[in-house]
Amino acid sequence: MIEVERLRKRYGSKVAVDDLSFEVRPGRVTGFLGPNGAGKSTTMRMILGLDRPSGGAVSINGRSYGSRRRPLFEIGALLDAKAVHGGRSAYNHLRCLAQSNGIGRRRVDEVIDLVGLGSVAGKRVKGFSLGMSQRLGIAAALLGDPGILMFDEPVNGLDPEGIAWIRTFMKAMAAEGRTVFVSSHLMSEMAVTADHLVVIGRGRLVADASIDDVISGSTQKSVLVRSPRADQLSSLLDRHGATVATAPDGALTVSGLDAAAIGDAAAEAGIALHELSPQRASLEEAYMALTQDSVEYAAVSTGGGSAGPGAAAGAPAAAGAAGAAGAAVPDSAWAAPGTAGARTPEQAVPAPIDDPWAKGPTS
Amino acid sequence: MTTLSPTGPTGIATSAPTTGIAADLTNVVRSEWTKFRSVRSTYWTLIASVVVTVGLSAAICAGFEHGASQEDKQTTDLVQLTLTGAFLSQLLIGVLGVLVITSEYGTGMIRTTLTAVPRRWLVLAGKAIVFAVVVLVVSTAMAFAAFLVGQAILSQSLSVSLSESGGYRAVTGAGLYLTVVGLFGLGIGTIIRHTAGAISALVGVLLVLMIVVSLLPSSLNDHIWRYLPSNAGSAIMKTRPDSSTMAPWNGFALFCGYTAATLVVGAILMGRRDA
Chain A
1 MIEVERLRKR YGSKVAVDDL SFEVRPGRVT GFLGPNGAGK STTMRMILGL
51 DRPSGGAVSI NGRSYGSRRR PLFEIGALLD AKAVHGGRSA YNHLRCLAQS
101 NGIGRRRVDE VIDLVGLGSV AGKRVKGFSL GMSQRLGIAA ALLGDPGILM
151 FDEPVNGLDP EGIAWIRTFM KAMAAEGRTV FVSSHLMSEM AVTADHLVVI
201 GRGRLVADAS IDDVISGSTQ KSVLVRSPRA DQLSSLLDRH GATVATAPDG
251 ALTVSGLDAA AIGDAAAEAG IALHELSPQR ASLEEAYMAL TQDSVEYAAV
301 STGGGSAGPG AAAGAPAAAG AAGAAGAAVP DSAWAAPGTA GARTPEQAVP
351 APIDDPWAKG PTS
Chain B
1001 MTTLSPTGPT GIATSAPTTG IAADLTNVVR SEWTKFRSVR STYWTLIASV
1051 VVTVGLSAAI CAGFEHGASQ EDKQTTDLVQ LTLTGAFLSQ LLIGVLGVLV
1101 ITSEYGTGMI RTTLTAVPRR WLVLAGKAIV FAVVVLVVST AMAFAAFLVG
1151 QAILSQSLSV SLSESGGYRA VTGAGLYLTV VGLFGLGIGT IIRHTAGAIS
1201 ALVGVLLVLM IVVSLLPSSL NDHIWRYLPS NAGSAIMKTR PDSSTMAPWN
1251 GFALFCGYTA ATLVVGAILM GRRDA
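Order-wise, the sequence lines are chains A and B. Those letters in the first sequence? Residues 1 to 363, by my numbering. Those letters in the second sequence? Residues 1001 to 1275, by my numbering.
Worth double-checking, as some hints may not be accurate.
Said to hold, decoys possible - To give an idea of the chain B side of the interface with chain A (calculated C-beta under 7 Å), a few residues: (1) Ile1021; (2) Ala1022; (3) Leu1025; (4) Val1028; (5) Val1039; (6) Asp1072; (7) Lys1073; (8) Thr1076; (9) Val1117.
What the hints contain is simulated information worked out from the structure, not anything from laboratory work. Think of the CB as a built atom: it goes at the ideal place given N, C-alpha and C, for glycine as much as any other residue.
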């Protein structure tokens, strides 16, 4: 069990991780998803006590990492497969790590066999392919047979066979009751490996939900509507029970009503429509919207709309606003992503960041 | 992958007692010993040091034996002459000390290391212990080798022996000096973390500082010269009193002080900084 509480990391004026709280539970694969630069690796380094948090705390099985005498028995991590001394053999690499925690020679041989590196154990790591390096890193993580495993982008750069091996491996580890925490910037990868997702964007928590909820949430329909009388249409649709988000260019993203109902309602009121196109968010699109705009969400809170790429220019200036809105509670929006906000107007979201799925695909 | 069972710590044979700081340090020392002996740069650097120390001393002694004036032969510190190679090999040993830590930062291995041993000072202590023991043995052996080779070469016209005053101290002192230079490199490497930068700093402190100070007006120079790290430390290799340097053990103690301070600063920074 990993508990991250109000974790913050600041590099100079840049906030890499901002008020991040989540838990990683045993018995399932928890995906840690976010675009490159979202703060995933920074968070993982703070979990391992490598980077010092600017605020907040991490505990592993109830204790902080730094006080541990033999951490390899509790948590095994693979942050960067290529972060090994190339001149050392695979065996000696594992041996020195094992020795530091008082782990014997026999276990080193075991983990080497476990990851299938037996034939190259005596070879220098310098010549290893990325796939072999990943296996070596996983062997190192397994040395203490720990209950918690943590991998940073383990499938990056792997061939399909290597990817399949890692997926199977992670699932098997979770099935044995271990806590498995794995980061990726690819939603598609998480969709096939993870049971639960923690999504972050620009250092902030965007979502913390089961993979099923995420999928059902993201496949909800929305409709893109353009009209010269967008404002009137917006309030009209609102009365019909839809949730409407307004983009800066005036386009409305409507959820909770299908295209036919929107068209009928508009015709009844005599409002012309210039565009009426049903949207279906793919997992990937929804994720992009979720993470790319995570700063803009807070910045345009009054509009209730998705900012989209058009608003991106304002993003840097909005960073301060995002920080000020630090008390926003993304967790709650994810209690039931499929239903909250988007489909029930009573639950209309107070600030757009609370339910990014409601906006459907942006742009 | 289903062959794994979640047995936990009890399922794994451990090789050391499980409690106490001594046990932890023992584990870390074992680990660092494996690291130190399992990369080729260790061997190459040590072999190069031996070759340079003995070879340069032999060449200098041979040149001296043939070319020096009778007056020079009377006044020169012959024991120190046989140890001249140490002035060059100190750079190699210093670089080896730097590499012990910067190679971990350079490759990213340090993050794996510190994940396994979160109490960082233990890692630095383990490295220092392993390095000091190995380098003390090697550099003492090569200091004696250099002396014996030099002695043999000089013996054609001069006599120099370990038993003359300060002889033993100077030769064993060469081993001690080189070991502490290496630890000094380890400290600088821990502070700077980048190989090139740390090596530059080491060379700067050991050699460039001497050049800079020698350019100062002598009123200043006289006060500073003897306290420079390499001058203070290498005083232990002299057998003839020299007004421009500190007394052998005093100088060496000062150099040890510089080194200890560097290591302590390194340990503090290592504990505070993000890895």
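Each hint, compared with the structure:
1. At a threshold of 7 Å, the smallest CB-CB gap from Ile1021(B) to chain A is about 9 Å, leaving the interface hint violated.
2. Interface restraint check: Ala1022(B) against chain A, minimum CB-CB distance 12 Å, threshold 7 Å, status violated.
3. Of the supplied interface hints, the one on Leu1025(B) is violated, with its beta-carbon coming no nearer than about 11 Å to a beta-carbon of chain A, more than 7 Å.
4. The beta carbon of Val1028(B) is positioned within 7 Å of a beta carbon in chain A (closest approach about 6 Å), and the interface hint is therefore held.
5. Below 7 Å, beta-carbon pairs count as interface contacts, and Val1039(B) has one with chain A at about 4 Å; its hint therefore holds.
6. Of the supplied interface hints, the one on Asp1072(B) is violated, with its beta-carbon coming no nearer than about 46 Å to a beta-carbon of chain A, more than 7 Å.
7. The beta carbon of Lys1073(B) is not positioned within 7 Å of any beta carbon in chain A (closest approach about 47 Å), and the interface hint is therefore violated.
8. Hint status for Thr1076(B): violated, given a least beta-carbon distance of 43 Å to chain A, over 7 Å.
9. Restraint check, Val1117(B) versus chain A: the minimum CB separation of about 5 Å is within 7 Å; hint holds.
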